[in-house]
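There are 2 protein chains.
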Amino acid sequence: MDTLSPALKSLSSKVQALELTPDGVRLLDQTALPNEVRYLTIRTAGEMADAIITMLVRGAPAIGIAGAYGVVLSARESQQKGLPFAEFKQQLLADVDRLSKTRPTAVNLFWALNAMQAVIDEPTDSSAKLLERLTAKSLQIHQDDWKACQAMGQHGATLVPKGAGIITHCNAGALATGGYGTALGVIRSAFANDPTIKVYADETRPRLQGARLTTWELVEDGIPVTLVSDNMSGSLMRDGKIQFVVVGADRITANGDTANKIGTYNLAIIAQAHQVPFYVAAPLSTIDLSLTTGQEIPIEERDASEISTINDELICAKGVDFYNPSFDVTPASYIAGIITEKGIARPPFQESLAKLFEA
Amino acid sequence: MDTLSPALKSLSSKVQALELTPDGVRLLDQTALPNEVRYLTIRTAGEMADAIITMLVRGAPAIGIAGAYGVVLSARESQQKGLPFAEFKQQLLADVDRLSKTRPTAVNLFWALNAMQAVIDEPTDSSAKLLERLTAKSLQIHQDDWKACQAMGQHGATLVPKGAGIITHCNAGALATGGYGTALGVIRSAFANDPTIKVYADETRPRLQGARLTTWELVEDGIPVTLVSDNMSGSLMRDGKIQFVVVGADRITANGDTANKIGTYNLAIIAQAHQVPFYVAAPLSTIDLSLTTGQEIPIEERDASEISTINDELICAKGVDFYNPSFDVTPASYIAGIITEKGIARPPFQESLAKLFEA
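Order-wise, the sequence lines are chains D and W. Heads up, the first sequence is in this note's numbering, so the first residue is 1 and it goes up one at a time. Heads up, the second sequence is in this note's numbering, so the first residue is 1 and it goes up one at a time.
Just so you know, the hints here were simulated from the structure itself, not pulled from any lab data. There's no promise every hint is true.
Same chains, same names: a pair is fine if it fits in one copy or spans any two.
[As the list claims (entries may be wrong)] Below 25 Å or equal to it, Euclidean Cα-Cα: the simulated DSS-like pairs (lysine-lysine) are:
(1) Lys241 to Lys198
(2) Lys14 to Lys318
(3) Lys198 to Lys318
(4) Lys89 to Lys198
(5) Lys198 to Lys14
(6) Lys129 to Lys14
Use the sequences and the hints to build the structure in full.
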């Protein structure tokens, strides 16, 4: 029960960010890529919280799965210690709380932890039974995300013009999800249909996830990719090289406003100025109908060192101020459609997104 | 005669990119900043050509001055070798040609080399006299640029709203000119009038001139500066933090289209989407009335290693393709005004730019 079904695995990318194993959670260390392919075993909920904070694992859906697995690790830990059931449950709640405080913007984490919380809240009489149910739920979250990405890929690929130049930002790929990817899932499916598409990856400063992660996972899967600096999108579009933009999302509000990696908003504006359609690919777990507009989304500000240094070398003068929001919000008016596992939502999103949840 | 007047020096920034000395050209090595402040002495025209290609010296006006000084170095070299006058002139022409082939986009280089060529073409009867005239012309080009930057600063400062947030791209500062700077000259003058302005510097991938150079020279001169990634401008503007954009230029065509560092076009689009005025600051030597529109400007494409590595470490997968245009063209329609030493040209630029040359 601790592994995904072989059928699902065969459908996916070669790349897998995380996997629940009998020893813990096997995590591909995303801070070491592309120069080193290193797997770590995360054994406790506390280690998982740190792995999320330090971005060993990142990407909204993957963080959700990691959070769910973190709760399983908490249960395993307490069981090994032989904690009485009351303490076992108390520790679970403490670890859910701890995991929920790792990163504020991506809603998938809270969505997954809520799902795990619901399992904890069900009546159970033994630690063993609860651990079994939590394990099953976490694997289901992972498998559902995987299937959702496959479905997004199929829906999204229908939108891509023949031979299109496609640009994406950050990494919304197998590395950012349970496998296959959201934006890169669309690109994978499009490439399977039409290998003449041309993929451009924004390097995505400050952490360079586009350069470090997206190019790596596409090369692993044999999909040709051109790396560009974030500030080249205007030049590319003006030269007619881009016909389609697709990005992931960390949180989408009821009106369609979308928080995603810093620079997504810039890319959306550049796309609109060139009449290039801008799509967001995200599972329903990324959509937060409890928030009305993007202004309500908490935006994480990360450490200045992400901007001031690269590979531990200072790249600016001492005495400089910094501003390092990790995400920005793209207003719904820039978005041509939101590609989900249940189909493509079109503007006005207020209605189309709500409808997806009814179906 | 080999140095700038003390009066001009006192007006300027502490930072000086290049200076003609009896030994050669004293060059601040801009590839070593900000971690090392290292001066080199360039002694031959060939060394100067290499210094321009490898960007030890960069910035459109500074490249023009460096080119002019390179011609002086050619004359000094030939004089030291005791070449007969005919060979002396022949070598000058060969070196002018060599210097002209270093970088294609910034027109100031060709403008300065044309001015030096005109001196070579004047009737002269001795190497000594020609060397003297070339030296005088090169120093005049440097001093004129310095004065032009001061004038641009004064004109441009009148445009900056009280307490404005100002964003700039790349480095159009003292380091990029004969001193004081074009865009940073406007910022220096604005700051002298109103120290409550807030300056934001785009880091400017791939070569990070904003991070490495702009923050350094502003900190040297005591002007507070906040460093941001190139892809944060949308977020900053949406938050109401930016009221004014000013950038330099590498070449401006008769209709006002402006080639400048890659990412300038992105910034212009982002500014227009937020109704923030976007200004270009450049001396007349940057304006190329021989070209009708920006489509005619040759855009330099530089080595892929600028994108694939940072501090010699690979930041992407092996087997990736690259696209590395060093400049982009911002159409005139995005530009609120072009700040020159003769005043501010407003749209339609076809007329206003032509008028500047008549005055």
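Each hint tested on the structure:
no.: 1; hint: Lys241 to Lys198; in the structure: within (9 Å within a copy, 36 Å between copies)
no.: 2; hint: Lys14 to Lys318; in the structure: between (43 Å within a copy, 17 Å between copies)
no.: 3; hint: Lys198 to Lys318; in the structure: between (41 Å within a copy, 17 Å between copies)
no.: 4; hint: Lys89 to Lys198; in the structure: neither (51 Å within a copy, 52 Å between copies)
no.: 5; hint: Lys198 to Lys14; in the structure: within (20 Å within a copy, 48 Å between copies)
no.: 6; hint: Lys129 to Lys14; in the structure: neither (33 Å within a copy, 72 Å between copies)
In the structure shown, a violation is registered for the earlier hints numbered 4, 6, in ascending order.
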